[in-house]
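Asker: Chains as they are written, first to last, in our numbering: chain A, 1 to 747; chain B, 1 to 243.
Think of the hints as simulated: they come from the structure by calculation, not from any bench. Hints are supplied without guarantee of correctness; some may be wrong.
In silico DSSO-like cross-links for lysine-lysine, where the CA-CA straight-line distance does not exceed 27 Å [said to hold, decoys possible]: (1) Lys55(A) x Lys254(A); (2) Lys317(A) x Lys185(A); (3) Lys2(B) x Lys226(B); (4) Lys207(A) x Lys254(A); (5) Lys35(B) x Lys254(A); (6) Lys74(B) x Lys330(A); (7) Lys109(B) x Lys330(A); (8) Lys207(A) x Lys317(A); (9) Lys330(A) x Lys2(B); (10) Lys40(B) x Lys254(A); (11) Lys346(A) x Lys26(A); (12) Lys191(A) x Lys48(A); (13) Lys109(B) x Lys414(A); (14) Lys35(B) x Lys2(B); (15) Lys317(A) x Lys191(A); (16) Lys207(A) x Lys35(B); (17) Lys346(A) x Lys191(A); (18) Lys48(A) x Lys346(A); (19) Lys191(A) x Lys330(A); (20) Lys185(A) x Lys443(A); (21) Lys330(A) x Lys185(A); (22) Lys74(B) x Lys35(B); (23) Lys330(A) x Lys35(B); (24) Lys109(B) x Lys74(B); (25) Lys443(A) x Lys2(B).
If you want the footprint, here are the derived chain A segments under chain B, 3+ residues with CB under 8 Å [as the list claims (entries may be wrong)]: (26) 58-65; (27) 139-153; (28) 240-246; (29) 432-446.
From the three backbone atoms N, C-alpha and C, an ideal C-beta is built for every residue, glycine too.
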Amino acid sequence: MTIGDEVVDRHGLTREEYQRIVDALKREPTLTELGIFSVMWSEHCSYKSSRVHLKTLPTTGPRVLQGPGENAGAVDIGDGLAAVFKIESHNHPSFIEPYQGAATGVGGIIRDIFTMGARPIALLNSLRFGPLDDPLVRRTFAGVVAGIAGYGNSIGIPTVGGEVAFDESYTGNPLVNVFCLGIAKHDEIIKGVASGAGNPVYYVGAKTGRDGIHGATMASAEFDEKSAEKRPAVQVGDPFMEKLLLEACLEVMKSDALVGIQDMGAAGLTCSTCEMGSRGGAGVDIDVSLVPQRETGMTPYEIMLSESQERMLMVVKRGREAEVERIFEKWDLHAVRVGEVTTDGKLRVRNRGEVVAEIPNPALTDDAPLYRRPMSEPTYIKDAQQLSLASLGKPPGALEAFRRVLGSPTVASKRWVYRQYDHMVRTNTLVLPGMGAGVVRLKGTRRALAMSVDCNGRFVYLDPYRGAQLAVAEAARNVACAGALPIGATNCLNFGNPEKPEIMWQFARAVEGMGAACRALDIPITGGNVSLYNETDGRAVLPTPVVGVVGVIEDASAVVQRAFRSQGDAVMLLGETRDELGGSEYLTVVHGLVRGRPPALDLTREAALYRVLAEGASSGLIRSAQDCSEGGLAITLAECCIGTGCGARVDIPVATPVAAGAFADISTLFSESSSRVIVSVNPDSEAEVRELAARHNVPVRRIGVVGGARIQVSIDGRSVIDESLGEIERIWNTAIEHYFEVARAIA
Amino acid sequence: MKFAVVVFPGSNCDHDAHYAAQHVLGQQAEYIWHKETSLKGADVVILPGGFAHGDYLRTGAIARFSPIMAEVQKFAAVGGPVLGICNGFQVLLEAGLLPGAMLRNRSVKFQCEHVLIKVEQTDTPFTIACRPGQVLRIPIAHGEGNFYAEPHVLAQLERNRQVVFRYTNAEGVATDDSNPNGSVGNIAGLCNEQRNVVGLMPHPERACEMALGSADGLLLFESAVKAVSEGAFSTAKAVAAAR
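Kindly produce the complete structure, drawing on both the sequences and the hints.
Answerer: And the structure:
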């Protein structure tokens, strides 16, 4: 059979790519081979547009045990233990089928972690949706949250934190990024390699069906009005099956009978066979007729490309088969031998013995196309960076602005979301969601781990380089506020269509900025995920490079949370407020603008701040800490008070340089200047905190006192906000619920 | 003394119950796989939380057929203390060891949060260390914890003092606001007529250390130790004797 141009097009391959396939094989491919190439060379699997840029990121360091290239990265956390973590996107499936799309996203990242021999102990997620007044957005939002909950709760891994933001650009293309962290002993980390000729290759887990065929290709294309027709390309999750797989695999891994293991995620059996072979410098020979199938009449093409969930591929040491099979039997799973490892470095696929595909593994992996795509600075940037406050007319009063920003769904309480996640199972969660970074203790040690995922897409849109730096800094600062030393990061780079030079420029600049920040803050990136083509009808999402940072807390009893703890404590501000309203939540909420330059970031100052926070936490000087991000100082102060019954009375100096007349108060309250943290300290230790900050050259100022049942803010002695805590909590707690209640009332 | 923690496929709070008994309380604890046919001389049996067999049918509906459940039935019949937590409570309902059934939460959503429950009965092996009327702060984490029983069953439960825990406010008053899931009569936990089998939706094993926000749940485990050591409730040895 010869392959026509139309067939090549339908596989999302260019004519040039097709020619490369013919060159690699030295003949025309079979249809099965074409299918295999198309998924492995898709953007999702090959990183063909992004790889040249990703190579510039810092990925090594004394604590790094595993960098990019495996199923997940790993860093040393002491006591011979490793934190194994990664973040991954499931954006496209979640738009088409929110519940299953999000659920299977959770399932996929969990498999990546336990595949490494680590027991998953925590999940986080980073979500983006359009504005909640759109009923379709509410449906997507509710479906995604229920899907994450349905899967994570059932499998028994706590979702300990995350972030949710809302912006017009995500209306037709939500972002669903899920982070998972697991713990393994250093010497028990397992890799996804196939080696040792003659070693048997096993398939275990759910049966293969026709679901998800070409999922990876779908995730590598833009959406249009026909996207709903792609629903069959979304998989259906079975968390119970995954729970069995998780327990059985961890039990098998303890036996040392395994050579390597990999989950079947994107591109299913295809990706797991050729990647394992490629890493081990070996070949893999499988017969698809042996693969357990859920449907009848499946072709080799369909079996190789299916993305049915909850499936694993393993290479077992010859002679140890019975031992491995017995463990899976215990869990009512049936490990099936589907082939063996060979020496010829090829992926050979048979159907009842007859060879239907035979491809050198490197052609699918290392030698996949790499593009240095053209880039050009977007035309919008120069204009969007101009911000003239004077042209905005008279701003609202400080109190009114405060109430409006506080009630913005991006800023307000996410209780509606996290209440649906089991965040306490495994009894390690030291900081509950909404109280700061996610913090879990490590039983059997004195330590705890803090983790946070962050990104402000507006900042990246306005200046991709600085925006990505700010994302790294915010995630690391959140972790530092808990008293942790940030030691490793993972990223999930969500952008539009890389074939557009303006999008590619955003991507490249963001990666550069991220790399520079990670180098300066000494936080290596150990892996991650790239999600491109996040566009609907030609409109891209805000560029959203989400950063997940993990930090170690040496003494789990010294964990610091966001909330004030005692009346009479001194409120202190670490860092300085500058007149920086560019890209702020205030500008978006009150003026409907995404404009200006994002806040400046001094990475030396930022790193010094982490040292102050770590020392302040371990010495017990700092009693609470909350970083200033969306909504600025005014919102941060509210976050320190909410849920504690403690109000506060503060007096802050006007932002410098003094903002344009009418906006002086607004800028002082809502500027999103970086490297700032509000801490509370015992009044007796105020001097010690000053001394600590001075030693690290971090500006510090006492701005007020914890007390009363109101939040009272004055600027240079002039009262600007005075509101009861009850009213503030009402606005903050009901902002998201409100949209669902109104919708119900109308219905 | 020894706690047995039954592990069904899909149990996910088994580790937490085991940790509370062994590390927090300092007692012996052993996992018992659901296919086993012996409780291995345990003094107390815990059916932990989770999603046994995936709970795709009705919560607990398949777990009650697991081989170990025959042993749990026998153990309960001779007065051995059995505690079902969350999914374990649902399994006890399906197994007929406790009356009633679970509906989806009235919010139609999974809910994970701290709630307050009042101890209404202290003559069970899991509450004898509590004060009558004591209000405990313990988390819930479930999608189907909306307890339902027919009116005549409910009347009987009240008459026999089988309602062990009720969702209340801080003053111990069972208000609608303090009812997280719509359970009839604000019922959070029950015992059988013999009072040795107790089930509750909240997770005491998650509230055994102040570092986790509350240590009130430890009272249930301490009660079990007290009950067994005082011989108030028969142990596995009684089971053996009964055979």
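Asker: Does each hint hold? Answer for all of them.
Answerer: Structure-based check of each hint:
A C-alpha spacing of about 34 Å is found between lysine 55(A) and lysine 254(A), which places the hinted pair above 27 Å, so the restraint is violated. For a cut-off of 27 Å, the pair hint linking lysine 317(A) to lysine 185(A) stands: about 21 Å separates their Cα positions. Of the pairs offered as hints, the one joining lysine 2(B) and lysine 226(B) holds, with about 13 Å between alpha carbons and a cut-off of 27 Å not exceeded. Using a Cα cut-off of 27 Å, the hinted pair lysine 207(A) and lysine 254(A) holds, with the two alpha carbons roughly 25 Å apart.
Simply put, lysine 35(B) and lysine 254(A) have alpha-carbon atoms about 22 Å apart, close enough for the 27 Å limit, and the pair holds. Simply put, lysine 74(B) and lysine 330(A) have alpha-carbon atoms about 25 Å apart, close enough for the 27 Å limit, and the pair holds. With a CA separation close to 33 Å, the supplied pair lysine 109(B) and lysine 330(A) exceeds the 27 Å bound. Taking the CA atoms of lysine 207(A) and lysine 317(A), the gap is about 24 Å. The hint holds against a cut of 27 Å.
This hinted pair checks out: lysine 330(A) and lysine 2(B) have alpha carbons roughly 25 Å apart, not beyond 27 Å. A threshold of 27 Å between alpha carbons decides the hint, and for lysine 40(B) with lysine 254(A) the separation of about 25 Å falls inside it, so the pair holds. At most 27 Å may separate the alpha-carbon atoms for a hinted pair to count; lysine 346(A) and lysine 26(A) meet this at roughly 14 Å. Taken as a hint, the lysine 191(A) and lysine 48(A) pair is honoured in the structure, with Cα atoms around 23 Å apart against an allowance of 27 Å.
A C-alpha spacing of about 15 Å is found between lysine 109(B) and lysine 414(A), which places the hinted pair at or below 27 Å, so the restraint holds. For the suggested pair lysine 35(B) and lysine 2(B), the alpha carbons sit about 20 Å apart, so the restraint of at most 27 Å is met. Taken as a hint, the lysine 317(A) and lysine 191(A) pair is honoured in the structure, with Cα atoms around 14 Å apart against an allowance of 27 Å. Only pairs whose Cα atoms come within 27 Å are accepted, and lysine 207(A) paired with lysine 35(B) is accepted, the gap being roughly 24 Å.
Distance hint between lysine 346(A) and lysine 191(A) is fulfilled; the C-alpha atoms sit about 19 Å from each other, no more than 27 Å. For the hint linking lysine 48(A) to lysine 346(A), the alpha-carbon distance of about 22 Å falls within 27 Å, and the restraint holds. At roughly 24 Å between alpha-carbon atoms, lysine 191(A) and lysine 330(A) fall within 27 Å of each other, so this suggested pair holds. Annotation: proposed proximity of lysine 185(A) to lysine 443(A) holds, straight-line Cα distance about 13 Å (limit 27 Å).
Straight-line distance between C-alpha atoms of lysine 330(A) and lysine 185(A) comes to about 25 Å, which keeps the hinted pair within the 27 Å bound. For a cut-off of 27 Å, the pair hint linking lysine 74(B) to lysine 35(B) stands: about 16 Å separates their Cα positions. As the CA atoms of lysine 330(A) and lysine 35(B) are separated by approximately 9 Å, the hinted pair is consistent with the 27 Å bound. In summary, the hint linking lysine 109(B) to lysine 74(B) is not supported, as the alpha carbons are separated by about 36 Å, beyond the 27 Å threshold.
With a C-alpha separation of about 22 Å, the suggested pairing of lysine 443(A) with lysine 2(B) holds against the 27 Å cut-off. Interface restraint, the segment 58-65 of chain A with chain B: violated (0 residues with C-beta to C-beta distance below 8 Å; minimum three). By the rule of at least three residues with a Cβ nearer than 8 Å to a Cβ of chain B, the coverage given for the segment 139-153 of chain A holds, with 4 such residues. For the segment 240-246 of chain A, the proposed coverage by chain B is satisfied: 4 residues have a C-beta within less than 8 Å of a C-beta in that chain, meeting the threshold of three.
Judged by the Cβ-Cβ criterion of 8 Å, the segment 432-446 of chain A is covered by chain B as claimed, because 3 of its residues qualify and three suffice.
Checked against the numbered hints listed earlier, the structure breaks hints 1, 7, 24, 26; every other hint is satisfied.
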